[in-house]
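Residue strings, one per chain:
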Amino acid sequence: MWTLLQIELFKIFKRPRTYIAFVAIAAIVSLIQLALYLDGDTYMDFLMQSLGSFEVNGPIMNGYFVCYTILQTLLVHVPLLIALIGGDMIAGEANMGTLRLLISKPISRSTLLLSKFIATTIYTLLLLVWMSILSLGLSIAIFGTSDLAIFQSELFIQIPKSDVFWRYLAAFCFAALAMTTVAALSFFLSLFAENSIGPIVATMSIIIVFTILTTLGLPLFERINPYLFTSHMLGWKGFFNVQVDAENNVIQGSIDGVSSIFRSAIILFAHIMFFVGGGILIFRKKDVLS
Amino acid sequence: MAAIIKVDHLSKFFKDIRAVEDISFTVEEGDIYGFLGQNGAGKSTTIRMLLTLIEPTKGSIEIFGKNLKTNRKEILRLIGAVIERPDLYKYLTAYENLSIFSRMSGVRLSRKQLMDQLESVGLAARALHKVKTYSQGMKQRLGVAVALVHNPQLIILDEPTNGLDPQGIADVRNLILHLSRHQKKTIFVSSHLLNEIEMVANRMLILDKGKKMVEGNVRELFDPNRILVKVEIDNPEAIREKIKTTRWKDLIRESTNRHLLFQLNRQQIPELTRDLITMGASILAVQPRHSLEEYFLSLTTPNQHVDAFTN
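Chains as they are written, first to last, in my numbering: chain A, 1 to 290; chain U, 1001 to 1311.
Read the hints as simulated data drawn from the structure, not as lab findings.
Quick reminder that beta carbons are idealized off the backbone N, C-alpha and C, glycines included.
Check the hints yourself; a few may be wrong.
[Stated by the list, open to error] DSBU-like mimics (lysine-lysine), calculated; alpha carbons at most 35 Å apart, straight line:
{"#": "1", "chain 1": "A", "residue 1": "105", "chain 2": "U", "residue 2": "1211"}
{"#": "2", "chain 1": "A", "residue 1": "286", "chain 2": "U", "residue 2": "1006"}
{"#": "3", "chain 1": "U", "residue 1": "1066", "chain 2": "U", "residue 2": "1244"}
{"#": "4", "chain 1": "U", "residue 1": "1069", "chain 2": "A", "residue 2": "285"}
{"#": "5", "chain 1": "U", "residue 1": "1015", "chain 2": "A", "residue 2": "285"}
{"#": "6", "chain 1": "A", "residue 1": "105", "chain 2": "U", "residue 2": "1069"}
{"#": "7", "chain 1": "A", "residue 1": "105", "chain 2": "U", "residue 2": "1244"}
[Unchecked claim] Far from chain U, some chain A residues (derived; all Cβ distances over 12 Å):
{"#": "8", "residue": "95"}
{"#": "9", "residue": "144"}
{"#": "10", "residue": "146"}
{"#": "11", "residue": "161"}
{"#": "12", "residue": "173"}
{"#": "13", "residue": "198"}
[Said to hold, decoys possible] According to the in silico footprint, chain A covers these stretches of chain U (three or more CB under 8 Å from chain A):
{"#": "14", "stretch": "1053–1064"}
{"#": "15", "stretch": "1087–1100"}
Next comes chain A alone, as it looks inside the complex (with noise of 0.2 Å):
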């Protein structure tokens, strides 16, 4: 398993298409960055014009609000990066007519769609990595450190600085989750087509409609949108909701509604487990004839 990783992993990250996603990311967020850097204060005034108008201690245009406002453009669009590997996995392989040669050798189906997902996975976190890099650490080297500020609807939330830095790391891993479901879901059907283009698009479609399910409030969907995965993905926003006393005084690492928090998790992974068991039920019995 270990060698088949080993392999995987150099297949993945000697293909240039595998870096177009890192690029991406730099770019998309380097634009945020230097338009925040440049044309912050407009950005600001547009978003406190719903408030009215009150005093908040402390500069709002830091780091951590910089990467939450990042965070929110970002994580809409990358599992359209996610995707362009994952749907890439067995469907690229068939393309290419190496799929055959692999199955020929002596090793288990499983064992080797198996690594071949851990594999994709990897590239995922390593790209959440880098765009924690680069929205994290480089808005705090580039705009420092303060309380964060939230905007959600009518609401304004001040996170203290010092409560902030572990809500992100959790953010990350709880994202984590979410776009490997996305890598899970684009990985399995993978499995049906005989080139990439095929499972990218699909998974696209499939995010874009669940979203418009959830996002429409129609009754009818009301019922199926807890079990779908895209009424979960953006639940990393709940480590930002917190608690607060009789004073309205945010209370330190509190969460609000973390079960909220943890069902999600649940469902993201049975998804993950999901996508990944039945693919390896169907890639056992499969015949391949590409």
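Please arrange chain U on chain A, whose structure you already have, making use of the hints.
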């Protein structure tokens, strides 16, 4: 000789398509076994079943005396294969491809050993170039190197000369003979070209529409006593009458328009020609053709079917 491959009543159906139907054959140790058939005859489907890429609908496969289904990993460790096109990772170098597949086959070779393997197929000078820059012939040679990298006992080659120029075809043929004679490998090679199989194989099987048509020793199947000779004559009617009174009448297999088809041995060809001239025949052409070749051509061009071989 021990049986290396034993296929027993093997069938593969894809919904209502019968790709392979009830074929049985045995490949013995040291054989170069030719697996012949036109495109779509079921050769690749059979090879895919031998390599566990697809599961048989019916029948069983034993390789090295063990059931393939229950001893898959153990058996595949002893097999090297080139399946149709030699597709490899185009964005990797030949050296990287060979290294990857050797490790997947369960052997870890040193840099020198890998380079030696590439040297043996004439690719050492291009070892560090990406495969996407290779010609078809170079890819084929690299495919062979990948198949041989773990020193397998059984080598399965599916149409190994497809897309190669004449020199490439000759190289593959020489390589097959070298592996058999000097390294004592058992080789299972498929082709749609009869002469290719005739030149390398000692045993062969002809497959048509998924069914086994002929199997046997190549030397026996290409028996010089089973040559079909097609004679084209300008005045056939008169000659037909005269032949009826000669010893050649029993050797006629077919008589159409200006053509007479005889089944002869090689020595009889000049005798027949002389006798026909004596009879006053205006001979336009004498075309000897091996009966197996005729038979195989009848499979590929059904309208010209000749029953001589099967009779």
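Hint check, failures only: 3, 7 and 8
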